[in-house]
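Order-wise, the sequence lines are chains A and B.
One point on numbering: in my numbering, the residue at position 46 of the first sequence is 46, and numbering is uninterrupted.
Count along the second sequence starting at 1, add 1000, and that's the number in my numbering.
Please keep in mind that the hints were generated in silico from the structure rather than gathered at the bench.
No experiment lies behind these values; they were computed from the predicted model shown.
Ideal Cβ positions, reconstructed from N, Cα and C, are used throughout, including at glycine.
A portion of the hints provided could be inaccurate.
What the hints assert, rightly or not - Facing chain A, a subset of chain B residues (Cβ under 8 Å, in silico):
1. Ile1055
2. Asn1074
3. Arg1079
4. Asp1091
5. Phe1094
6. Met1095
7. Gly1096
8. Ser1097
9. Gly1105
10. Asn1108
11. Leu1109
12. His1194
What the hints assert, rightly or not - Per label pair, the in silico range of CB-to-CB distance:
13. Gly1024/B - Phe201/A: 38 to 44 Å
14. Thr1183/B - Pro16/A: 50 to 56 Å
15. Arg168/A - Asp1180/B: 28 to 34 Å
To be verified - Residues from chain B shown here face chain A by an in silico Cβ test under 8 Å; the list is partial:
16. Glu1073
17. Gln1076
18. Arg1080
19. Ile1084
20. Phe1086
21. Phe1104
For reference, the chains in residue letters:
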Amino acid sequence: MGAPHGHRLHFHGHSPLHRAPAHLKVAGLVAFMLVVVATPVPWVPAFVGYAGVLAVLVALSGVPVPYLARRMVIETPVLVFAALLPFIAVGPRTEVLGLSLSEAGLVAAGGLVMKATLGVVASLLLAATTDPRDLLAGLERLRVPAQLVQIMGFMIRYLDVVTDELRRMRTAMESRGFTARDPRHWPVIGRSAGALFIRSFERGERVHLAMISRGYDGSVRR
Amino acid sequence: MTTPVLELQSVAYAYPDGHQALFGVDLHVHRGERVAVLGPNGAGKTTLVLHLNGILLPGRGTVTVSGLPVVKENLQEIRRRVGIVFQDPDDQLFMGSVRDDVAFGPRNLGLRGAELDRRVMAALDMVGMADYVDRPPHHLSFGQRRRVAVATVLVMEPEVIVLDEPSSNLDPASRRELADILTGLDVTLMMVTHDLPYALQLCPRAVVLSGGVVAAQGRTIDVLTDDALMKSHRLELPYGFDPHTC
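With these hints in hand, go ahead and build the complete structure from the sequences.
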């Protein structure tokens, strides 16, 4: 079960950033990301400026840096892809530590890492300073289609339920001597992922039954 | 005799895969009654419950709720009249806060504003959960979630409340608290359960569903003390429990 306050991505606090209306924060995040993505990679001072803005906001929010850092593992796949770019990109090549790397690939990888990191930090900051329910209300005020907001609401509601179910399945497997150590065990993990999917799907059906039993006809009314 | 709140006439139902669950169920529940539906696993209890508010429509036979037949055109009104509390509160509570969850049903009926707030708070008061109105449901204990699930149905001011395994997974204190709440409600009650002492405590009348038909019905105490009947339908009292001494 989660912490007594809010969601696990949410860091409880009362900073100006916490108190700002959710729809303004979402709009701010989207604007910031558009500017970051549109900035040409060689304009390094601009990126330093963006990072500075984020650093000020983080300091203002009072969210501890290690808290954000731990959650940045989400960026790992992007970093892996960026690390591959200099090897697989074409064009003029250069020698770095005895490796032949693509110059265009190096530039693209650097740009990707800078932009992705700025985006991830900004998004984590939004999540950390905004209660998920306020976030949904903010999205609604921004006229995001109601169906999408509903789906996100269900995701937040059932995230804990599903991770709990996953934890129980793992406990049950480990209780019977299973440990996932080498690739021979991967099929078991695959099957349990399938079982989790089916369980979640069935829960979805039961929730739907409970909804239509209370007169639901396709739209959550406000 | 007055119109029964629930009236089932030779209701039969087979699932699309061909498995037949109900073979002609006849059942009456009158206003103010509290009825337990007992039966072994696979007797068709859940299928029966899903017929009461038109989630499933009978292949043969009819279901009426206070005289109103359960057919497509009446479903909205039927679902206001029949409140079902499902077994897993995590299925029943799907919104971000207790308030939104309890308000979900009446909102679908078109209620808004002060009247909606009044109804939500009144329903939560009845189950003793008014202090938790702004909490997310997944941060409540299991017993509290079950009580909020009952409130999500009470708020519709239904004519009959149907509970599927209301005592499952509750600790003894939560189980008793729920019993106190349910006996205090001025509403017709039907509960499907394997918890025979709970049935005896809460419901003066019991119906035994077995093999897709009503195999027996009568006073709960008479059903539970009829050893031959109990045995033939795989019903067993918990060890050490004697209905005569309750």
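Going down the list of hints, with the structure as the test:
no., hint, verdict
1, Ile1055, "6 Å, holds"
2, Asn1074, "12 Å, violated"
3, Arg1079, "5 Å, holds"
4, Asp1091, "4 Å, holds"
5, Phe1094, "5 Å, holds"
6, Met1095, "7 Å, holds"
7, Gly1096, "4 Å, holds"
8, Ser1097, "7 Å, holds"
9, Gly1105, "4 Å, holds"
10, Asn1108, "4 Å, holds"
11, Leu1109, "6 Å, holds"
12, His1194, "19 Å, violated"
13, Gly1024/B - Phe201/A: 38 to 44 Å, "33 Å, violated"
14, Thr1183/B - Pro16/A: 50 to 56 Å, "51 Å, holds"
15, Arg168/A - Asp1180/B: 28 to 34 Å, "31 Å, holds"
16, Glu1073, "14 Å, violated"
17, Gln1076, "6 Å, holds"
18, Arg1080, "7 Å, holds"
19, Ile1084, "5 Å, holds"
20, Phe1086, "5 Å, holds"
21, Phe1104, "6 Å, holds"
Figure legend: structure checked against the earlier numbered hints; hints not met, in rising order: 2, 12, 13 and 16.
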